[in-house]
Amino acid sequence: MTCKSLALAAAFTLTAGFSLAEDITVGTLVLKDPYAFETAKTARAGGAFVRIVNTGSDPDRLLDVRADYPKVQVHETIEKDGIARMQPAGEIDIPAGGMIELKPGGYHIMFMGLKGAQRFSVGETVEATLVFEQAGEVTIDFPVRKRTGGKADMGQMGTMEQGNNASN
Amino acid sequence: MTLSRTTIALVGFVALGAAGLATYTILGPRDPASCAQSQVAGATIGGPFTLVDETGRTVTDRDIITKPSLVYFGYTFCPDVCPTDSARNAEALDLLQSRGIDAQALFISIDPERDTVEQVAEFTDLFHPDMIGLTGSSEQVAAVSKTYKTYFAKQETGDEYYLMDHSTFTYLVLPDLGFVDFFRRDTTPETIANTVACFAEQS
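Residue numbers (our numbering), protein chains in the order written: chain A, 1 to 168; chain B, 1 to 203.
Because the hints were derived from the structure by calculation, they are not lab data. Just so you know, not all the hints are guaranteed correct.
Claimed, not checked - Partial selection, computed: residues in chain B whose CB lies under 7 Å from chain A:
| # | residue |
| --- | --- |
| 1 | Cys35 |
| 2 | Pro79 |
| 3 | Thr168 |
Stated by the list, open to error - With a cut-off of at most 25 Å between alpha-carbon atoms, the simulated SDA-like pairs for lysine to any residue come out as follows:
| # | chain 1 | residue 1 | chain 2 | residue 2 |
| --- | --- | --- | --- | --- |
| 4 | A | Lys80 | B | Ser98 |
| 5 | B | Lys149 | B | Asp159 |
| 6 | A | Lys115 | B | Asp53 |
C-beta atoms are modelled at their ideal positions from N, C-alpha and C, and glycine is treated no differently.
Given only the sequences and the hints, what does the whole structure look like? Please build it.
Laid out in structure tokens, this is it:
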């Protein structure tokens, strides 16, 4: 990390109340702000999120996610007329120069079959390997965050955390 | 002249009555419906239910809804929608409690096959001490879902990692009036808190 980015990160940490992980680059893809939400002690499923930016001139595709849990899939939440449905997202296209965002209410990585000590706790990270058609495989850590209130599905995570801290 | 006197008296009576009604309308209790966020006229949502609470005790709506309650139907295996909505409802409770209004939230499982008493207890504890987890037999859960006109369906996957489709509304239920309003997923904690406060301050 350069001095400049350190300073920027520090500034962001001060304003947002938490630090963002560094971007992860694999091929032409940049993975930004990976995180997972904390789960209950008895939870058997957890979710993780990340933004994937394709800086290249060719499309790529997220083929699979692997992690050390009995079943791991990318799911998509679809909501219609007040009814929510989750379903496996299959392969997800990442257009050239485009971005896909795994975020609450949309795509998420779902880890299934958590048991006992595998709960996601704040301060820990969840490791998973993302498999891309062009960029190949990359293993990343998803820092576990506390759940927040009604602004959880807004894109501005920094603002959200700040609001949450203020109201707690 | 008799007729005129009667007419005058009548007019006076009506005028007094109108003035009285106007005064009542301005100064008297507000219609609870004016607090509502949603259009729920004529809907018959909510009513008696029997479920199992976080201690394993069989309880009824009368045991549980002792204060303004935000009622949500979900399942603990759900990693996205249910926790997001529960966190939102928990934040609404925090806002209400900071204003001195005693309220609670109920999380009713529509997946009793996997949601044991311990599961719903731990799940709700993650969000708020005043969020109560409820589960029950499949018959009890089907009955309360029908009473609240919610939808749920299991997506068969052939393994233990199946998903559920389910309604995501949060219902506001009062001890004396029963169901009074509902909130969609995009309703903010502030709006929910304001609505609950509006109803609570009238009762």
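Violated hints - listed by number, lowest first: Of the numbered hints given earlier, those the structure breaks are 1, 4, 5, listed in rising order.
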